[in-house]
Each structure stands twice: as structure tokens, then as C-alpha cells.
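Please arrange chain B on chain A, whose structure you already have, making use of the hints.
Line order of the protein sequences matches chains A and B. Mapping to the numbering used here: the first sequence position 134 is 134, numbers consecutive. Mapping to the numbering used here: the second sequence position 111 is 111, numbers consecutive.
There could be a bad hint or two in this list.
As the list makes no split between identical chains, a pair holds if one copy fits it or if it spans any two.
[Stated by the list, open to error] With a cut-off of at most 27 Å between alpha-carbon atoms, the simulated DSS-like pairs for lysine-lysine come out as follows:
1) Lys4 / Lys32
2) Lys202 / Lys158
3) Lys99 / Lys125
4) Lys190 / Lys222
5) Lys125 / Lys13
6) Lys158 / Lys199
7) Lys125 / Lys153
8) Lys125 / Lys158
9) Lys227 / Lys344
10) Lys13 / Lys99
11) Lys4 / Lys99
To be clear, the hints were calculated from the coordinates, so they are not data collected in a lab.
Number of protein chains: 2
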Amino acid sequence: MFRKEETLAMRNKLIGRSCRLFYSDDPVKIVKARGQYLYDENGKQYLDCISNVHHVGHCHPSVTQAATAQMELLNTNARFLHDNIVHYANRLAATLPEKLCVFYFVNSGSEANDLALRLAHEYTKNEDIIVLDHAYHGNLTSLIDISPYKFQKLNGQKEWVHVAPLPDTYRGLYREDHPDPAQAYADTVKDVIDQMHLKGGKVCAFFAESLPSVGGQILLPKGYSTKVAEYVHSAGGVFVADEVQTGFGRVGSHYWAFQLQGDDFCPDIVTMGKPMGNGHPLACLVTTAEIAEAFTGNGVEYFNTFGGNPVSCAIGLAVLDVIETEDLRGNAIRVGTYLMDLLKQLQTNHPIIGDVRGVGLFVGLELVTDKEQRTPATAAAAQVVRRLKDKFICVSTDGPWENVVKFKPPMCFSMEDAKLVVDRIDQILTDIDSGH
Amino acid sequence: MFRKEETLAMRNKLIGRSCRLFYSDDPVKIVKARGQYLYDENGKQYLDCISNVHHVGHCHPSVTQAATAQMELLNTNARFLHDNIVHYANRLAATLPEKLCVFYFVNSGSEANDLALRLAHEYTKNEDIIVLDHAYHGNLTSLIDISPYKFQKLNGQKEWVHVAPLPDTYRGLYREDHPDPAQAYADTVKDVIDQMHLKGGKVCAFFAESLPSVGGQILLPKGYSTKVAEYVHSAGGVFVADEVQTGFGRVGSHYWAFQLQGDDFCPDIVTMGKPMGNGHPLACLVTTAEIAEAFTGNGVEYFNTFGGNPVSCAIGLAVLDVIETEDLRGNAIRVGTYLMDLLKQLQTNHPIIGDVRGVGLFVGLELVTDKEQRTPATAAAAQVVRRLKDKFICVSTDGPWENVVKFKPPMCFSMEDAKLVVDRIDQILTDIDSGH
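This is chain A alone, in the form it adopts within the complex (with noise of 0.2 Å):
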């Protein structure tokens, strides 16, 4: 093993700056994980809030022996009929409605939302992309084009790219006072597709986070998707439901956070990955039979070389039945609340929160200056972050400004661990009322 010092100057030279480390003024290296929990080089515990990918514990053991299981068996390319796959796409159908039942296995999030495009593109034949403000959909070329997140610090907006209003309601357009912000948030994007007509352009996908993540945490109003949905339809486009982040029961009540709009509303394509293979390359994308028609139409396949394959396959088999056999969603209910309940408890001694809100463990905790102004507090958020780690307890940011403290742990997060971070909160932010 190198000394830590070793790494960090191996990684400064060998690997491309662009892939930042967290902390970077002192970044923490990590050799060891279980459950909820990090282990640096002199095996100091770390409490992990963020790692949403290692969505049932870090280094579950029935997802490794899966894992190990199939690799000494066979791990062909997909060319070849193979009962993984088929198991995995029927495991997978029975948690969507009905219509969304054909699947295509990739090997990242980003690649799945690319592939979406495609879909959606060969669908409709119209070119033009509505996404919410902020929105982050993955690094590749294309995805950069439909991610404001990136595009307004890079290569600016294309024309054929349309940003709408982030449905936020404690800093948005329309907020927690107003009589119907899933009616009002909508009807923006039926003025983007309004003002895309009046140019000549016709829609061929809106394409949203369930729950926008690096927008800062945020819940959609129930009811938008639905609204927007009718629009989007009616246009001639359809609903791409970006579920990289938040699937797989993450908000507890439901497997897929679109869900949480009602039985009323379901997306035409779905995309799916971070937490779906436990840390594992594996994303995958559904969507409707008459739209997986038009793609194969156009008569030219479509191969991802390691893409549902039958180790990838076993792997998120195994996650699926951790999910059950744990009652992981349940948990994610139980400790959830919990969480957001304390963190609510919390606002009450602290005006610095200015916001608490979540659902399951997808908790956003807003930081402001002033609770009247909704300043945001981002250097406070950045010394919550910073002070946490120094307490061995793993956050990070998110939100145009970064000031809203994110939690998104594995799914085996406790009660206790719930607690403690929240005390540790308590401190922090005491010692930042009191100037510390």
C-alpha cells in the first residue's frame, strides 16, 4: 500500500485533473467499506450520508457472492441467449406500470440518457429537448447539450435545447404560498413549447430528474408531471423520466420516484443506473413497446458490448433481492422521516436552515442567511461539509448555489446513524451561530 501522500501525488500526476477528489484541500483515502460506514488507512470510521450508488450497503455480501457466482460460470456479451437477462428485465417490469416493458442494458447512467435521445429522436423525428433549469443528465457530448448544469459553464445552449423553470418551491418561481404551483410550474413548459412553435420547432422530449438532484434536492409538486406530460404529448414529444439518482426505492414508498405523481402519470421512457448495480457498471433504460419499435425501424442495431450482460445481470438480481429481503424501503421510510424530523427540530434553534425536504432518504437541508431573502448560505453550507469530516461523517452539496446539504446514503441507514449526524449538525451550526 502506498502512504497517502504516495496516492495523492500519483493520482496529481496520472489522472486527469477534471476528476476531482473530494475535500480537495485534504482528501480522505479510503480502503475498506461496510454497510453505511468508510475506513481510511489507519482505519478511522467515517458515517457515509452520500453514496447513493451503494444503494444496499456498501460490499453486501449476497450481492458479491452474485457477483463472484456468475463470473466463474460465464460472462458472454448479449449476442448469445442467456437466462440472466430476461430474469432481470421480468424482475424489473413487475415494480413498472404495465406499458413500460422493453429494456435495453447499458453500463452507466450517462449512456442510458444518451440512448433515451436516440429513442426518443428516432420516435417522434423532432429535435427539440425541454429540460429544467439546473438539470444535470450525464457527462457525455450529448448529454452535456440538455444538462444547463454544465452547458452554461462550457459551450452555452443549443438551439435546439429548452430550459424550463425548476419546479421549486421554497426558491422558484412559484413557492409554498401559491394555490397551485404543479398547475403554474407547468403551464412554463407549455410556454416553452408555446415559444418553440412560434420558431418553427416541435418537441421531441422533455426530460427530467423524478427528483431533481443537483438542482438541490428538490420534490416535484404532485400533479406537474401529469400537466406536463398532456403537454409534452400533445406536442408530439414524450416524457423521459430520469431516474439515475432515485430509483430503486430510494423514496421508500414507492420503487420509482415518478411514481410519487400519482397512479395517473407514467413516463414513456425511464432511465435507470447509479444505484442499480451496488457500485457495479450497470444502467439501463425502459420504455414502450411502440417506441422500442420505432427504434428497431430504422433497421440498425444497437450493441453494447458489456451491456446486460450475465455478471452485470446477477448483480442487480441480487440488489433486487436485498431491496426485499431487508425491507430496505421500508427503512428508507422509517429512517427517512426520522432524519427529516430531526433536521425539522433543528430549524426551530436554527434560522440558518432555511428549508427541510425529502422524501425517504433523499433529504435536501436548504442553508440561508436570511430566512425572510432566502439568501443562500453557501460558505456555511461548505463549513458544514468541512466540519462534518472532521467529526467522520460524510456530506456533501448540491443546489445552483450549494448551499443545500444533501443526504442520500446507502439504503441500510440507521436510526442511530440518523441521529448522530444530526447532533453533529446541531453542534456545528451552534458553533457557527455563536462565530466559531
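What follows is chain B alone, placed relative to chain A:
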């Protein structure tokens, strides 16, 4: 386990039909594999001549062991410091020219090639891309745009994409009787650049596989890349070598196929993928310090969720170890040479064999109906594939006319395997010759 018909029925229902099966008339169900052998649901053994991904042999125990050990320990993202990623980058660097020293780890060759485009754009600030005819660089939106093999069937050629002739000395513009095909083909790239300049374009990158695969298992004439690089560099562009199919010692004499061009040639960006993780979704881009710096210079993070995680890197390291300890490069030279010798002997008896070419375990057998006109024997090539399948040997075809039978087997392919497949091809060609 499902019966084969059930698997097929579920597959047809649940998996997008654009994801095609091998032998679509009567697909094969594979349940086990080891080394260069595949086993179907009845225990029948197939010799695998095409799985270049399973580079060191299917289900190599050293690779499985390394994966399991690391999966039990840790599999975080690369925002934490870890030894595996730097150790692995260091090992890869040792196989490359010194100036290729900054690594980006991703999950697929497609992701690597997309990133190559992003880096090239950021470094050169130019737009135009030159590719070889019939090239395929991946399944993403951005790569379909630069893959004549795909865009000719789909959305057509973008104005910033320029296609140079494939330097195929058997079937191309300049053939084996040309005094200097390397110079002549390089000059076609110069012409493309000149044409581009006339229209006000500026070259961003020349993008090519080091051995064009889909194009028909083509060997670039020696000296071609050096000359092309000169032209491209003096026009302000970079040279991207796509080694996704060809790297990791497949050519035997060298670790990377671009090195066949000689020591005076070094690409600016190299992408690698398929064989890198022996089936695990692992890929990579390596570039110069200058290009990496230009990419960092935009101030925007590049984050790839699974890229460079400790498990992927442990697997990558194990693959490198096996290549060395089992002398798989030596084996590629010995068996590849023997295979080509046998195929060349066949050529004297079977006029349908137009060309035998290759290097190491990257070999093509080009079938023609007419030796003079070199008319592609597409139907016969399909026959060879089908009849070899009946004899439990898997090969497939490539080339614009699908008349090139290709061999890119796991690197543990043996002398006996080579003898067996050539004997079977001899029988099949004899049957075809005699009208059976």
C-alpha cells in the same frame, strides 16, 4: 433455468429488438464458458474464435479472484483516494510512450471515444473530424455521427465530419501493387484537410482504429499513421487512436496496435476498452499532459460515477498480470502466425479465398467469388459462419460486404484450436466449391 424456447420468447418480448442475437435464425444459448470454450444448455462445447472481450480467456480464475477480493473490501467512486486507480494507471503507462501519461477511466469504449471528442474539442477549439470509411467508433449519439458504418444507414453525414478512404491494400484505392500505399493513403487525408480548409473548416481530430475492424480486419500500411499525424498536427488537429478492439497485446509483437507503425509514431489520445476488464465494463482514455491540461482548463469537473472504481481497477490489474504471466502476447504471435500459415495454405486450394491478412490474433479471411475482380463472396461467408456453427465453432464476418471471416479469439487460443477451425473451413469450402 428456462428452456431455450422460453428464454427466446422472453427475450423477444422484454429486450429491445435492436439488440440483435448471433445466429438470429437459431440463436445459441450459452450457460458456461472457460478459456476459449463456450458451453450451451446441453453441455455442448463451442470453440470461440470471436470473443475478443474475454481476452485472457473466459472466466479466468485470477480475474474472478481479484474481483471478489476487491468487492469484499471496497468499491467506492474515484472521488476518494485509492491505490488501485493510481497503481493501474502506472502499470498502463509503462506499456505506452512516455508522452501518453494522463488517464481517465470510464465504463465502455464508447464512453472513452466520446470523451476523446470532448478533449480534442477543448484542446484544439476546432470542429472538424476526419474518420476512415466504414469506421465504427461506438453506440453513442456523438459516435454515430463519426461512424460511417452507422451514419450512412441513419441520420446521414454531418457537415463537420469528413471521410477519408480506408487504407485497404487489398480492396481499396491503392493496392499491394502500389509502390507506396502508406504515402498515397496519407495523401488522401491531406486532400481531405485541404478541402476542409477551402470551406473554412479546421481539423479537430483524425480519429481511427489502429486496425480497422468493422472495415474488414484491415492493417494500415506501415508509415501511414506517421504521415497522417504530420498532416493533422500541422493543420492544428490531434490524432486519436481507437484501440478499443486492438489493444492489450492482441497483435502480439506490441502492446498496442498503433505501435506497429514504428517508434516515430505516437497518437495524442488513445482509447481502450473491450479486452481491458475481460468482460467487466472497464475502459479508458490516455492522453498527453498538454491535452489533459486544456480539458482541466475549462474549470468544469468530469465525473464518471463508476469510472476507475477499485473493483474495476483490480480487475484491470489482474488482466495485465495474466497477459504477462501466461505470455499471451507470445502465444498470440505463435498461434496467430500458425493460423495465418494454415489459412494461406488453404488459399492455394480454394480460389474463393481472396486474401488472408492479420497480425497476432487479429486475423481476416476475405472471400471473393472472382479473384481478379475481387467480388465479395458475401453469401459464401455467411455459409461459412453457419456451417462452422453446426460444427460447434463460433466465427463472424466483417467488412463493408460482410465477406471477411474474422478471428479475434481469447488470447489463450491454441495451435490445436487453429488447426481445428482451419480443417473445418477446408471441408466447408470444399463442400461449397462442389455445390453442396
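Going down the list of hints, with the structure as the test:
no.	hint	verdict
1	Lys4 / Lys32	within (14 Å within a copy, 41 Å between copies)
2	Lys202 / Lys158	both (15 Å within a copy, 21 Å between copies)
3	Lys99 / Lys125	within (21 Å within a copy, 44 Å between copies)
4	Lys190 / Lys222	within (17 Å within a copy, 59 Å between copies)
5	Lys125 / Lys13	between (46 Å within a copy, 24 Å between copies)
6	Lys158 / Lys199	both (14 Å within a copy, 23 Å between copies)
7	Lys125 / Lys153	between (29 Å within a copy, 16 Å between copies)
8	Lys125 / Lys158	both (18 Å within a copy, 17 Å between copies)
9	Lys227 / Lys344	neither (31 Å within a copy, 67 Å between copies)
10	Lys13 / Lys99	between (50 Å within a copy, 12 Å between copies)
11	Lys4 / Lys99	between (51 Å within a copy, 26 Å between copies)
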